[in-house]
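Residues in the sequence shown are numbered from 0 upward in steps of one, following numbering that gives the first Met the number 0.
No lab work stands behind these hints: they were computed from the structure. Backbone N, C-alpha and C fix where the C-beta goes; we use that ideal spot for every residue, glycine too. Just so you know, not all the hints are guaranteed correct.
Claimed, not checked - Label-pair restraints from in silico Cβ distances: (1) Pro288 to Val34: 24 to 34 Å; (2) Arg94 to Arg247: 21 to 31 Å; (3) Ala37 to Arg94: 39 to 49 Å; (4) Glu189 to Gly49: 19 to 29 Å; (5) Glu290 to Asp87: 52 to 62 Å; (6) Asp63 to Ala122: 44 to 54 Å; (7) Gly252 to Gly274: 22 to 32 Å; (8) Arg94 to Glu189: 25 to 35 Å; (9) Lys126 to Glu290: 42 to 52 Å; (10) Asn330 to Leu204: 40 to 50 Å.
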Amino acid sequence: MSKLRIAQYGCGKMSKYSMRYVYEKGAEIVAAFDVNPAVIGRDISAIIGGPERGVVMHHADEADKVLAALKPDACIITTMSLMRDIVDALMVCARNGVNAITTNEEAIFPMNSSPAITCEVDAMAKKTGCTVCGSGYQDVFWGNLIATLAGAMHTINKIKGSSSYNVEDYGIALAKVHGAGLDLTTFEKEIASADAISPAERQQLIERGEFLPSYMWNVNGWLAERLGLTVKSQVQKCVPQTHSAELRSETLGMTIPAGHATGMSAVVTTETAEGIVIESECVGKVYAPGEVDRNDWTLMGEPDTQVVITRPATVELTCATIVNRIPDLINAAPGYVTTDLMPVNSYRVKPLDHYVLK
């Protein structure tokens with residue numbers, strides 16, 4: 000098979016790695032899209048460095064026309080963090096029969112937070128014969144890693160996870176959805192208050208497409224599905240993170256005053272019919288000096304088992320996971336297919352096209 004031809008939708012911080020990794024895994028970028036006037040019309044080498052590649056970044060408004068003409072094997076979407084914010088990108092791929100994979104955090108398991116959008120994308124992808132999915136860091140470090148450890152347990156009573164990351168590394172969209180830069184009153188109003196509701200009210204928001212899931216909301220759903228658990232209830236709580244001194248955020252283009260939100264901790268608790276509780280916490284904030292990324296998970300049962308990963312290179316791991324997933328994406332059945340239904344993540348020794356079955 001010839002080299003896989005990949006489109007890149009979103010040419011910000013993440014694409015610096017995702018596009019380079021595509022080339023270094025024996026595939027090629029054939030199209031790129033963004034909305035930033037500073038990059039539109041420039042060669043993608045302005046993002047990834049090195050010699051010019053002969054691929055000019057188009058405005059996202061041109062994606063429909065360009066994808067229809069080029070018909071790439073897959074499109075990597077690295078823009079925003081909620082399904083409602085990327086539905087246009089997903090649909091432009093699905094309409095044109097282009098497989099799409101996104102770093103969008105909600106997209107890892109969106110049916111428990113945005114079922115209407117998921118069904119819309121699923122129907123279009125099935126109609127045109129392509130596959131759409133979400134992947135990235137959480138696919139491995141909050142998902143398959145934990146599921147694999149569970150396979151070594153005799154009994155499990157509770158799964159408890161905590162992951163932290165610096166929102167500075169991921170761009171303005173992610174920083175804003177974490178409430179970074181807000182005063183605490185505004186944080187309570189715009190971020191935290193959304194979770195001070197009853198289960199029935201939350202379900203109504205989900206059905207209307209207005210629910211704001213934290214990242215672990217979708218991860219807990221993914222884990223439950225992957226482990227064969229039946230979810231009885233799920234709740235989340237968002238708590239602001241602060242710092243005693245002001246912090247500069249280059250991503251937000253502002254200095255966050257002392258005592259204002261630098262981000263948030265989102266705790267999601269899932270109870271299952273099988274009696275296993277999944278409690279996961281995600282801390283995303285602008286780091287103070289000396290703070291580092293962590294990924295800590297404990298499986299409580301017989302025997303208790305813990306895994307701790309300090310200083311994971313979350314940006315690079317996110318992009319490498321996405322690129323390594325591309326053959327699984329292409330091989331999957333048409334529709335919206337979550338990665339719990341795909342093979343466990345694999346390192347790609349050979350060019351990506353070697354792993355494509357069809």
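Results for each hint:
no.: 1; hint: Pro288 to Val34: 24 to 34 Å; verdict: holds (33 Å)
no.: 2; hint: Arg94 to Arg247: 21 to 31 Å; verdict: violated (42 Å)
no.: 3; hint: Ala37 to Arg94: 39 to 49 Å; verdict: violated (28 Å)
no.: 4; hint: Glu189 to Gly49: 19 to 29 Å; verdict: violated (41 Å)
no.: 5; hint: Glu290 to Asp87: 52 to 62 Å; verdict: violated (35 Å)
no.: 6; hint: Asp63 to Ala122: 44 to 54 Å; verdict: violated (18 Å)
no.: 7; hint: Gly252 to Gly274: 22 to 32 Å; verdict: violated (48 Å)
no.: 8; hint: Arg94 to Glu189: 25 to 35 Å; verdict: holds (33 Å)
no.: 9; hint: Lys126 to Glu290: 42 to 52 Å; verdict: holds (47 Å)
no.: 10; hint: Asn330 to Leu204: 40 to 50 Å; verdict: violated (35 Å)
Hint check: violations occur at hints 2, 3, 4, 5, 6, 7, 10; the rest are consistent with the structure.
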